[in-house]
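Starting from the given sequences, assemble the full structure and let the hints guide the process.
Protein chains: 2
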Amino acid sequence: MGHGLLEKFFQPRSLALIGATRSPGFGYGIPLFWKKNGWLEKACLVNPKGGQLHGQEVYRSISALPDGIDLAVVIVPAAGVRRVLIELGRKGIQAVIIESAGFAETGAEGKQTQEELKEIARDYGIRLLGPNCVGVVNTDNQFATIEIMDHSMEPGPVSIIAQSGVFGNILLDHLPEVGLKISKVATLGNKMDLDEADFLEYFVEDPQTRVIVIYEEGVKDGRRFLEALRQACRKKPVVILKSGRTPFGQQATLSHTASLSGEDRIYDAAFLQAGALRASNLSEMIELARVLSLQPPMKGKKVGILTTSGSLGAMTADALYHDGLELAAWNQTTIQKICEAAPDWVNVRNPLDIGPSGIFPTALQAVFSDLNPDGFILIPVIPYAAIEVWLRLGLNAKALLGNWPDLSEKTRGRPVVAVLLGCQEWMKQVRELCGEAIATVNTPEAAAKALSSLYRINQLL
Amino acid sequence: MGHGLLEKFFQPRSLALIGATRSPGFGYGIPLFWKKNGWLEKACLVNPKGGQLHGQEVYRSISALPDGIDLAVVIVPAAGVRRVLIELGRKGIQAVIIESAGFAETGAEGKQTQEELKEIARDYGIRLLGPNCVGVVNTDNQFATIEIMDHSMEPGPVSIIAQSGVFGNILLDHLPEVGLKISKVATLGNKMDLDEADFLEYFVEDPQTRVIVIYEEGVKDGRRFLEALRQACRKKPVVILKSGRTPFGQQATLSHTASLSGEDRIYDAAFLQAGALRASNLSEMIELARVLSLQPPMKGKKVGILTTSGSLGAMTADALYHDGLELAAWNQTTIQKICEAAPDWVNVRNPLDIGPSGIFPTALQAVFSDLNPDGFILIPVIPYAAIEVWLRLGLNAKALLGNWPDLSEKTRGRPVVAVLLGCQEWMKQVRELCGEAIATVNTPEAAAKALSSLYRINQLL
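Chains as they are written, first to last, in our numbering: chain Z, 1 to 461; chain U, 1 to 461.
What the hints contain is simulated information worked out from the structure, not anything from laboratory work. It is possible that part of the hints are untrue.
Note: identical chains are not told apart, hence a pair may lie in one copy or across any two.
Claimed, not checked - In silico BS3-like cross-links for lysine-lysine, where the CA-CA straight-line distance does not exceed 30 Å: (1) Lys299 x Lys49; (2) Lys428 x Lys181; (3) Lys337 x Lys111; (4) Lys181 x Lys111; (5) Lys35 x Lys299; (6) Lys337 x Lys36; (7) Lys91 x Lys35; (8) Lys301 x Lys337; (9) Lys410 x Lys35; (10) Lys302 x Lys35.
Note that the structure is predicted; figures quoted are calculated from it, not measured.
As structure tokens, then:
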């Protein structure tokens, strides 16, 4: 399909809400949200009772709507959707989102009704998102077909394709809390018409999207999806979280979005072949998306680790091995610089564990200047006991660890991930020091997984 | 060894700090911390320069100390430790913590010095913790040989054996931030004398300790450790996080605490046989310890899931399968109660996905009353869009989800874990609703791992 049509979903010139209402619920909240974000003036609200809502006249019928509306959002109960869709078709509206639930996911009868909707849509040339979804979000123009929090509307680099409405919504609430800002979202629901492949093709061309995240329960048109995925992965990182990995999950997804999630190993192989990064769980998906949206690809396998904790250094080394990466050897200049600055008890190895020596800025400068590593993991954990001492001396994270944004120029386009753990106040200071230049994660394992993903991405580009 | 001696480490009647000083650092901070917590009056500070510190006279030598001191804490530089240990021995002090680094972990020479210390300790009958550690913490009497944050000193159910000083410290800073309160900590360092087995034996008898967490780099006396572990696991849950799992990590632990971490599969099998729960990474260790300290063992494999998100329900079902658990079948009464309360589109299955139906309190009551499940996972995620609507109606989490502390009486001693995700404000409300009765985790995978661990524990008891 041409991108022109999907443009109507993310950037409609005019729209209609079928099911606006004065009682609390989506029918009241969505137009209120539109009002707040400057979209109500482009919207027509429809309810057979007519009257006024949020200061705007409510249309009594779809037939009464003005011509040329780009997008209709339908939130009436399932039983009324068939009638609505016919009227939208008669009105010549070509882009429709059905948020209502109660179709194929409920069993044979619902499936039958959904099939009828499909025929109606085909007859009238309607492209349809849903049913059983919450539609779309576009932070660029502040348009969304669902109420979300203000901070979820701050524009960012990650676009999401989520099968499920509730889960897509939860991600929208959760991701900004963990530092991940959103560009666009499409929630697919039962995928009666538009599916992953359509939005993959759209997001891969979208200039605001740097990383694509897909939450998948089960693919319907596997061949088309994998081809779209393969194309997308050559241009942008794609992270996939798929449930229905096991017989239990497969049973659950069937009743959730009427998805046949299929044999997991087949998906695993197919995703790998297409070049997608499969997250094994939700936390991993989030951390991966965050790092991939900030950091460049990693050109080789060799990683340099600078740590203040030998234990976390060892855990990171384990994780690198597990993910197929290697430990870089430091060059002679680096070794010399560290030896000159460090107390006797520091072993100049990789992981480079400088403990509480206080030489982090010198060590970081030396390590970043070393051309052997292809990427870096920093573990600047400091026990509160030591932070206390330093604070008494009037020092802060920048004084103790160095000016990271300046130093990170020395990385020459190599990725850097910092592992943050410990007391909140310290983590906050280090996070500020990282800024946009250095990605942060919470565990050694997440750091290793992120770099191995950046290495895989490099092989695809 | 008798517990009398370890009592001297955690509950000394009198103590000495060798290396107190007026310049910033541990020698200044530790006695200040003691002063704050009421321990300075029981302490003698030692520094050849004499004078006063924190309002207390400083002893010029160890020989000048009063007799009968229970515990000495040594923080002088490595080069001075040998001399200090001999003087402590001559003074008849039997319990010594050496926090100083610069011994076996630095190479052959340091190893030689450490061997000399070992002989001195043996000659004088000294039991020694360290070197290269930060000693002990006991929140019960507010005693610690390292400065930690006030909130890390709030008494709780988890005792920690950590090989590494810095990492042990970071855990102390981090755990209370994630809701895990501490009873006692021993940091082992190079384990010249006292090791895991000694503290396992002590913690298993300690009435304040409900869960034991071990961070391990490499065991020295494997046979003794495994026997102590086997004994401990029959009385209390023991969670182990071990680094040095791979050749990279093994190399790193060697230079960190002079540990030979050994073949990982052998450890895996040995831990399993002993009955310990091995965490595969740091996050898992934290989540496991938190759940195990709050929840009872699970008597069977069958789990009931109540969720507002079909996707998260499916992920949880996958995770349960992965961890060898089963999905419970609801009994007829439960099915009937749900069907009466729920809208048509709710499928009464397990996972029970009630979506945005708003029937959580009724569903929870029905589910908890059902005797088929051996444990429960609750996923009360609500999109902000819906929360907004409810807040407009003046409702809070308690009104929307039910009075959990009251309802949880119906669980009849079965464990319950809640998965929290989404907007902070909502998660805060739900966390309050959980109180001490219901454990919270952040991912479906953590919930499944927690219940499978509670099931394993049940088999050991």
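- Query: Quick check: which numbered hints come out false for this structure?
  - Reply: Failing hints, ascending: 1, 4, 5, 6, 9 and 10.
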